[in-house]
Amino acid sequence: MPMQNAVIVLADISGYTRFMKLHGMALVHAESIITELLDSIIDHTEHPFTLNKLEGDAALFYALADANPQAVAESAMSQVNGFFHAFSTRKKEIGVDALCNCGACTEVVHLNIKVVVNFGNVVVRRVRQFEEISGTSVIIAHRLLKNSVPLDEYVLLCEDFEQVLGGVHHGGTRITEQCEGIGAVSATYFPPSPFVESPPAPNLKRRVRLVTNAISYIAKRPFQGWFGVPPKREYRNLTE
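Residues in the sequence shown are numbered from 0 upward in steps of one, following numbering that gives the first Met the number 0.
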């Protein structure tokens, strides 16, 4: 399989582990909320990026960039900046549409996202109905989720991506991280771009969607648990 250049975008929900340690009905609502928040990010992504996989609290995207890498890098920056607005908007909507006062519905305000962007060679292969990407650039993106950035929300641009983009943007902070099995990796982090949004009003359609997701999780969990299979999340914008 040939190596191809690609931009890799890894969006991760911070605070997920603590959030998913809830029990009973709060855990059901937590699953529904995480689905909605990941969906808000996925819905904001467009060509040339493809959703490669969901990894619990994260979504991995990529775009092949052999033809015009700088254009793909610029598209990545535009879309990534929009992730934060989409995520924040959906988080506030969930707050006003909350199903109850359980731990999940009250703690959603503490969830944030961090995004790592890299560029490099990948191998794209199909395993049955699944498409997988692999390569050092993908490993580095995952390794950099564990870092020394002192912010709850940020964009972390790897040095290779910055070079394709055309240089370091102003306002970033340069760091060097030691990635296991890789060594020293230079990157620059930025806080999300500021934006202004009006407080959302309660919405019956959104609330029904949250309830539907929760009921779906409850219905699938006992049946699949008998066979040791975890419930599968459903995303409205993904093809079967």
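No lab work stands behind these hints, which were simulated from the structure alone. The reader is advised that the hints may include incorrect statements.
The calculated label-pair distances, taken between Cβ atoms and stated as ranges, are [as the list claims (entries may be wrong)]:
#1 Ala66 <-> Thr105: 43 to 51 Å
#2 His169 <-> Ser147: 15 to 23 Å
#3 Ser133 <-> Gln162: 36 to 44 Å
Here are the simulated lysine to aspartate or glutamate pairs, DMTMM-like style, with alpha carbons at most 25 Å apart [what the hints assert, rightly or not]:
#4 Lys91 <-> Asp11
#5 Lys52 <-> Asp159
#6 Lys20 <-> Asp65
#7 Lys90 <-> Asp11
#8 Lys91 <-> Asp159
#9 Lys91 <-> Glu73
#10 Lys145 <-> Glu54
#11 Lys90 <-> Asp151
#12 Lys91 <-> Glu35
#13 Lys91 <-> Glu54
#14 Lys204 <-> Asp65
We put the beta carbon where it would ideally sit given N, CA and C, even for glycine.
These are the hints, each one checked on the structure:
no. : hint                          : verdict
1   : Ala66 <-> Thr105: 43 to 51 Å  : holds (48 Å)
2   : His169 <-> Ser147: 15 to 23 Å : holds (21 Å)
3   : Ser133 <-> Gln162: 36 to 44 Å : violated (22 Å)
4   : Lys91 <-> Asp11               : holds (18 Å)
5   : Lys52 <-> Asp159              : holds (23 Å)
6   : Lys20 <-> Asp65               : violated (42 Å)
7   : Lys90 <-> Asp11               : holds (15 Å)
8   : Lys91 <-> Asp159              : violated (35 Å)
9   : Lys91 <-> Glu73               : violated (28 Å)
10  : Lys145 <-> Glu54              : holds (15 Å)
11  : Lys90 <-> Asp151              : holds (15 Å)
12  : Lys91 <-> Glu35               : holds (12 Å)
13  : Lys91 <-> Glu54               : holds (24 Å)
14  : Lys204 <-> Asp65              : violated (42 Å)
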